[in-house]
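Peer 1: Residue numbers (our numbering), protein chains in the order written: chain A, 1 to 111; chain B, 1 to 116.
Calculated from the structure, these hints are not laboratory results.
A few of these clues could be false.
In silico DSBU-like links for lysine-lysine, alpha-carbon gap of 35 Å or less [claimed, not checked]: (1) A:Lys103 <-> A:Lys37; (2) A:Lys68 <-> B:Lys14; (3) B:Lys14 <-> A:Lys103; (4) B:Lys55 <-> B:Lys66; (5) A:Lys37 <-> B:Lys55; (6) B:Lys41 <-> A:Lys71; (7) B:Lys55 <-> A:Lys42; (8) B:Lys66 <-> A:Lys68; (9) A:Lys56 <-> A:Lys68; (10) A:Lys103 <-> B:Lys66; (11) B:Lys41 <-> A:Lys68; (12) B:Lys55 <-> A:Lys56; (13) A:Lys71 <-> B:Lys14; (14) A:Lys56 <-> B:Lys66; (15) A:Lys42 <-> B:Lys66; (16) A:Lys103 <-> A:Lys56; (17) B:Lys20 <-> A:Lys68; (18) A:Lys71 <-> A:Lys42; (19) A:Lys42 <-> B:Lys20; (20) A:Lys56 <-> B:Lys14; (21) A:Lys42 <-> B:Lys64; (22) B:Lys14 <-> A:Lys37; (23) A:Lys68 <-> A:Lys37; (24) A:Lys103 <-> A:Lys42; (25) B:Lys66 <-> A:Lys37; (26) B:Lys64 <-> A:Lys56; (27) A:Lys42 <-> A:Lys56; (28) A:Lys56 <-> B:Lys20; (29) A:Lys71 <-> B:Lys20; (30) A:Lys42 <-> B:Lys41; (31) B:Lys41 <-> B:Lys14.
Fair warning: this is a prediction, and the values are worked out from it, not measured in the lab.
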Amino acid sequence: GESVGLHLPTLSVQEGDNSIINCAYSNSASDYFIWYKQESGKGPQFIIDIRSNMDKRQGQRVTVLLNKTVKHLSLQIAATQPGDSAVYFCAENRGYSTLTFGKGTMLLVSP
Amino acid sequence: GAVVSQHPSRVICKSGTSVKIECRSLDFQATTMFWYRQFPKQSLMLMATSNEGSKATYEQGVEKDKFLINHASLTLSTLTVTSAHPEDSSFYICSARWGGTDNEQFFGPGTRLTVL
Chain A
1 GESVGLHLPT LSVQEGDNSI INCAYSNSAS DYFIWYKQES GKGPQFIIDI
51 RSNMDKRQGQ RVTVLLNKTV KHLSLQIAAT QPGDSAVYFC AENRGYSTLT
101 FGKGTMLLVS P
Chain B
1 GAVVSQHPSR VICKSGTSVK IECRSLDFQA TTMFWYRQFP KQSLMLMATS
51 NEGSKATYEQ GVEKDKFLIN HASLTLSTLT VTSAHPEDSS FYICSARWGG
101 TDNEQFFGPG TRLTVL
């Protein structure tokens, strides 16, 4: 399996700031991407998704940007709240079958 | 929304014993269920994909004789860790999907396995 480090990249922000979490994906054939939020000891929670025929999609307080040229995905969270503190994973769907998860970023929001 | 449950949420067992983890889709019929393993501070790694009524498809490096998967009904899949060892201690997460491959996967809350 994929080898990953024991320390997740961490993004620390103040409450009310905007947060940007980045993800590089590996397969140029991936055509569907999802961002998940995972709180400690819980399963992943769907946040927002985007298909490869789009480059931007907005939800409530969240925006996902997709740059297929450089295989880059980002999640923007507006007006970050303490409840947003969690680990965020991007996932890519290869051929509409299985999901491959990225390494994750821990978001810490200070009040 | 679609709900997926797992049981137990936490289990501690002795080395050499077998442990069964259940994954249930509570309000939809899951034609496909997925089992993931997650070690501390790491990402989710897909172990296997199971379709109701057929044998599971295991990812490379996952021992099918050690991690037995049964998907006997459209709402239940089980993962049995046989002859568990301390290195099998991990967070096991299932997800379920109904219908075609274009549909969303819904994740369970996970099961924390600790092997002593």
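Peer 1: For every hint, state whether the structure bears it out.
Peer 2: Now the hints, each set against the structure:
With a C-alpha separation of about 12 Å, the suggested pairing of lysine 103 (chain A) with lysine 37 (chain A) holds against the 35 Å cut-off. With a C-alpha separation of about 48 Å, the suggested pair lysine 68 (chain A) and lysine 14 (chain B) falls outside the 35 Å cut-off, and the hint is violated. Taking the CA atoms of lysine 14 (chain B) and lysine 103 (chain A), the gap is about 31 Å. The hint holds against a cut of 35 Å. For the proposed pair lysine 55 (chain B) and lysine 66 (chain B), the alpha carbon gap of about 15 Å is at most 35 Å, so the pair holds.
A hinted pair counts as satisfied when its Cα atoms are at most 35 Å apart, and lysine 37 (chain A) with lysine 55 (chain B) qualifies at roughly 31 Å. Under the criterion of a C-alpha separation no larger than 35 Å, the hint pairing lysine 41 (chain B) with lysine 71 (chain A) is consistent with the structure, at around 24 Å. Between lysine 55 (chain B) and lysine 42 (chain A) the alpha-carbon distance is near 28 Å, which keeps this suggested pair within the 35 Å criterion. Taken as a hint, the lysine 66 (chain B) and lysine 68 (chain A) pair is broken in the structure, with Cα atoms around 39 Å apart against an allowance of 35 Å.
Between the alpha carbons of lysine 56 (chain A) and lysine 68 (chain A) the distance comes to roughly 11 Å, so the proposed pair stays at or under 35 Å and holds. Only pairs whose Cα atoms come within 35 Å are accepted, and lysine 103 (chain A) paired with lysine 66 (chain B) is accepted, the gap being roughly 26 Å. Between lysine 41 (chain B) and lysine 68 (chain A) the alpha-carbon distance is near 28 Å, which keeps this suggested pair within the 35 Å criterion. For the suggested pair lysine 55 (chain B) and lysine 56 (chain A), the alpha carbons sit about 38 Å apart, so the restraint of at most 35 Å is broken.
For the suggested pair lysine 71 (chain A) and lysine 14 (chain B), the alpha carbons sit about 44 Å apart, so the restraint of at most 35 Å is broken. Distance restraint check for lysine 56 (chain A) and lysine 66 (chain B): the Cα-Cα separation of roughly 43 Å exceeds the 35 Å cut-off, and the hinted pair is therefore not satisfied. Simply put, lysine 42 (chain A) and lysine 66 (chain B) have alpha-carbon atoms about 25 Å apart, close enough for the 35 Å limit, and the pair holds. A hinted pair counts as satisfied when its Cα atoms are at most 35 Å apart, and lysine 103 (chain A) with lysine 56 (chain A) qualifies at roughly 22 Å.
Using a Cα cut-off of 35 Å, the hinted pair lysine 20 (chain B) and lysine 68 (chain A) is violated, with the two alpha carbons roughly 41 Å apart. With a C-alpha separation of about 28 Å, the suggested pair lysine 71 (chain A) and lysine 42 (chain A) falls inside the 35 Å cut-off, and the hint holds. Distance restraint check for lysine 42 (chain A) and lysine 20 (chain B): the Cα-Cα separation of roughly 19 Å lies within the 35 Å cut-off, and the hinted pair is therefore satisfied. With a C-alpha separation of about 49 Å, the suggested pair lysine 56 (chain A) and lysine 14 (chain B) falls outside the 35 Å cut-off, and the hint is violated.
Between lysine 42 (chain A) and lysine 64 (chain B), the direct Cα distance comes to roughly 26 Å. Compliance with the 35 Å bound is thereby established for this hinted pair. Among the hinted pairs, lysine 14 (chain B) with lysine 37 (chain A) is consistent with the structure: their alpha-carbon atoms are about 32 Å apart, no more than 35 Å. Of the pairs offered as hints, the one joining lysine 68 (chain A) and lysine 37 (chain A) holds, with about 22 Å between alpha carbons and a cut-off of 35 Å not exceeded. Taking the CA atoms of lysine 103 (chain A) and lysine 42 (chain A), the gap is near 17 Å; set against the 35 Å cutoff, the hint holds.
As the CA atoms of lysine 66 (chain B) and lysine 37 (chain A) are separated by approximately 30 Å, the hinted pair is consistent with the 35 Å bound. At roughly 40 Å between alpha-carbon atoms, lysine 64 (chain B) and lysine 56 (chain A) are farther apart than 35 Å, so this suggested pair is violated. Of the supplied pair hints, the one linking lysine 42 (chain A) and lysine 56 (chain A) holds, its CA atoms being roughly 28 Å apart against a limit of 35 Å. A hinted pair counts as satisfied when its Cα atoms are at most 35 Å apart, and lysine 56 (chain A) with lysine 20 (chain B) does not qualify at roughly 42 Å.
Between lysine 71 (chain A) and lysine 20 (chain B) the alpha-carbon distance is near 39 Å, which puts this suggested pair outside the 35 Å criterion. With a CA separation close to 13 Å, the supplied pair lysine 42 (chain A) and lysine 41 (chain B) stays within the 35 Å bound. As the CA atoms of lysine 41 (chain B) and lysine 14 (chain B) are separated by approximately 24 Å, the hinted pair is consistent with the 35 Å bound.
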